[in-house]
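Student: Spelled out from the first residue to the last, the chains are:
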Amino acid sequence: MATIELRQVEKKFGQLHAVKPMDLTIHSGEFVVLLGPSGCGKTTTLRMISGLEAVTGGHIYLDGRDVTWLHPSERDIAFVFQFFALYPHMTVLDNIRFPLQAQRVPRDEAEKRVSEIVKMLQIEHLLHLRPGSLSGGDRQRVALARALVRRPAAFLMDEPLGALDADLRESMRAEIKRLHIANNATTVYVTHDQLEAMALGDRIVVMSAAEIQQVGNPAEVYYKPANLFVARFIGSPGMNLISGRYADGVVYLPGDNRYTVPESWRAPLAQALKDGEVIIGFRPESARITEDGALAARVYASDMHGAFNMIHLALGEESNIVNVRVDRWITYALDTPVRFDIDPEGVRFFDPRSEKALRRGGAQ
Amino acid sequence: MSHVELQHITKRFKTVTALRDVSFDIQDGEFFVLLGPTGAGKTTTLRVVAGLERQTQGHVLFDGEVVDDLPPPDRDIAFVFQQYSLYPNMSVYDNLAFPLRAPMRRMSEDEIRRRVYQAAEILRITHLLERRTSHLSGGEMQRVSLGRAIVRQPRIFLMDEPLSNLDAKLREALRVELKHIQKTQGSTTLFVTHDQIEALTMADRIAVLNKGRITQIGSPTDIYDRPATIFVAQLVGVPRINLVDARCDDGTISIIDSTVRLPKPVSGELPARFKLGVRPEHVQLHPQGEYVGELLLIEPLGVESILHIKVGKQSLVCTVPGMTHHKLGEALRFNLVRERLHFFREDGVRIQV
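Quick note, the sequences are listed as chains P and D, same order.
Numbers 1 to 364, taken from our numbering, label the letters of the first sequence in order.
Numbers 365 to 717, taken from our numbering, label the letters of the second sequence in order.
A couple of the hints might just be wrong.
As the list claims (entries may be wrong) - Under the rule of at most 16 angstroms between Cα atoms (straight-line distance), these lysine to aspartate or glutamate pairs were calculated in the EDC-like manner:
hint, chain 1, residue 1, chain 2, residue 2
1, D, K547, P, D303
2, P, K20, P, E211
3, P, K119, P, D138
4, D, K674, P, E175
5, P, K224, P, D343
6, D, K691, P, D202
7, D, K674, D, E658
8, D, K575, D, D385
9, D, K547, P, D335
10, D, K639, D, D613
11, D, K639, D, E710
12, P, K224, P, E345
13, D, K547, P, E318
14, D, K533, P, D193
15, D, K628, D, D613
In case anyone wonders, no lab produced these hints; they're calculated from the structure.
None of these values were measured; they are calculated from a predicted model.
Whenever a hint applies, use it, and build me the whole structure from the sequences.
Tutor: Here it is, written out as structure tokens:
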């Protein structure tokens, strides 16, 4: 177990920042996810931690020791890639045993560790097969076993589930989380899949455009996104966001709608907004369609997602779509006029110019 | 009117049988989705309908007439692919007008202009008409490809995974738009996908295809609530349906290797051994729940959390709204929603009870 610290770590390719100077502390035993769209700098960050990529500025500390310029093999870190990187000519057992032989771990100790790991991952029956004859999920299990058996100070995982199909991803995700709970090894995990990040991370580092947008636990990034990017990126679909104009406790929204701002938000809105331009945000489950709702809209589409239905409402013009999550038995015909309310606990406000979330005094 | 019917279509490629006795019909104005994993035969079916592939056996009918010998251009269909296939050096306007300018159409420039503007309006790309397609984003390009299909006002739209190259957020938005357009235009559509959420959210009816055969045809509700086989049950629904071995004796069902017992449904017969399916939303936490298990794992997703509950040697997945305050290792009481349980024979076929 180890603490990993990044101090002003950056990566430049010529004049271009792949990662802008960034500070991040990953605590011992923590599972931290670097989340963002492709090209946001998450993989480059991971590769700098591993030593596979040299930094162009800043320092990386492992348990207080400066490892910035140490070779990857000297960092006591194990890497799990999206592609399995197993030796095709070796059996599963030899693949798992290999890093221990390289580290010259005594034979008894090595046997003990291998048998523990293969039991935990339930791959005992595969030990004498070659990777080529395994399914994708089993190959990724073997790759995990090979990383775990080393008992490194930290694990770095780069989209380890990315190459698997949806079903397998769901079950492997749970398996990785169980492994982490059992081993409690410091883990840095890269993904572009927000569901994976939410499901796995103790904390999530949301990245975009080569910098950190927000660091928080799943509840924080979901309920209190720091800016519009996070609000859109987290959740499926993301937060509903509608532009309006604030004046005297009311936000004027498209379609001649007036939203009465909860008391606790009025002072911060009046203070922060120069010209009254504001974006109001709420999650699909924070809206409720009800006859006496304060806001009016038309049904744009309505669809079934399995366990629930989603009603898509057009507010004024068809470019302002609001998604409302409802129970399975609720459906509406196209173009039905409806009214809805927003749960005052679930409403957020953003400044359209800075794109940042507004905050109430104190905790929020 | 456009009504499409496939009658007992079989397609063999040398040694491989890609489609086996595939039959279905698409009603006028219907959004019909072919859902299945890679290699199930979805794209082959689409190509047979288009006339790009000739079936080995069976017939394709358009509005009641056999079109087996009709070449693709005479079938009056429009294809939308996963790849955009636009002309990069032409403006959006010219890309949309292109299919209408085919000499055999003999369409006046006025009529062409009218149709292009109408399609652009529907797709909200009027502001892009003068732009070159090489300067568009992925979502805009896919809208233009849709536009190119719409201007032709074909008898049927054939769509081959048109959303799968787009990122998750764009896919969500376009899914809703595509459905809105299809419903307001009343266009007959055959849509192919491997993505269960696209099928559930957009389809009027879904045909589930597996290894060249149709496993089930039904509305999204039919497919989700009454899956005909284990394959279908596992194909739709996220998180996946719980599927456990069960036994029935003396009117009592027991989940093997667990403490869960429940009475057999009054109607219908169950074999001695079978598979029991329970969707995660039908495992419901309740302080006075009938069953008790240990909380193994929590996956907080935001809108809901997935809980893994250990009962004996089995574990069941359940979903609860929002973030949960339960702790790992905690004993949780829960109920199973009896009327929403699924029973399958060992060979995977649904048992009607």
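Student: Next, verify each hint and record whether it holds.
Tutor: Each hint, compared with the structure:
Restraint check: the Cα-Cα separation between K547/D and D303/P comes to about 12 angstroms, which is no more than 16 angstroms; the hinted pair holds. With a C-alpha separation of about 6 angstroms, the suggested pairing of K20/P with E211/P holds against the 16 angstroms cut-off. For a cut-off of 16 angstroms, the pair hint linking K119/P to D138/P stands: about 13 angstroms separates their Cα positions. Between the alpha carbons of K674/D and E175/P the distance comes to roughly 14 angstroms, so the proposed pair stays at or under 16 angstroms and holds.
About 15 angstroms separates the Cα atoms of K224/P and D343/P, which keeps this hinted pair within 16 angstroms; it holds. At most 16 angstroms may separate the alpha-carbon atoms for a hinted pair to count; K691/D and D202/P meet this at roughly 14 angstroms. For a cut-off of 16 angstroms, the pair hint linking K674/D to E658/D stands: about 5 angstroms separates their Cα positions. As the CA atoms of K575/D and D385/D are separated by approximately 12 angstroms, the hinted pair is consistent with the 16 angstroms bound.
For the hint linking K547/D to D335/P, the alpha-carbon distance of about 11 angstroms falls within 16 angstroms, and the restraint holds. With a CA separation close to 14 angstroms, the supplied pair K639/D and D613/D stays within the 16 angstroms bound. For the proposed pair K639/D and E710/D, the alpha carbon gap of about 6 angstroms is at most 16 angstroms, so the pair holds. Only pairs whose Cα atoms come within 16 angstroms are accepted, and K224/P paired with E345/P is accepted, the gap being roughly 11 angstroms.
Between K547/D and E318/P, the direct Cα distance comes to roughly 15 angstroms. Compliance with the 16 angstroms bound is thereby established for this hinted pair. Proximity of K533/D to D193/P is assessed by CA-CA distance (about 11 angstroms); at most 16 angstroms being required, the pair is judged to hold. The straight-line distance between the Cα atoms of K628/D and D613/D is roughly 9 angstroms, inside the 16 angstroms bound, and the hint therefore holds.
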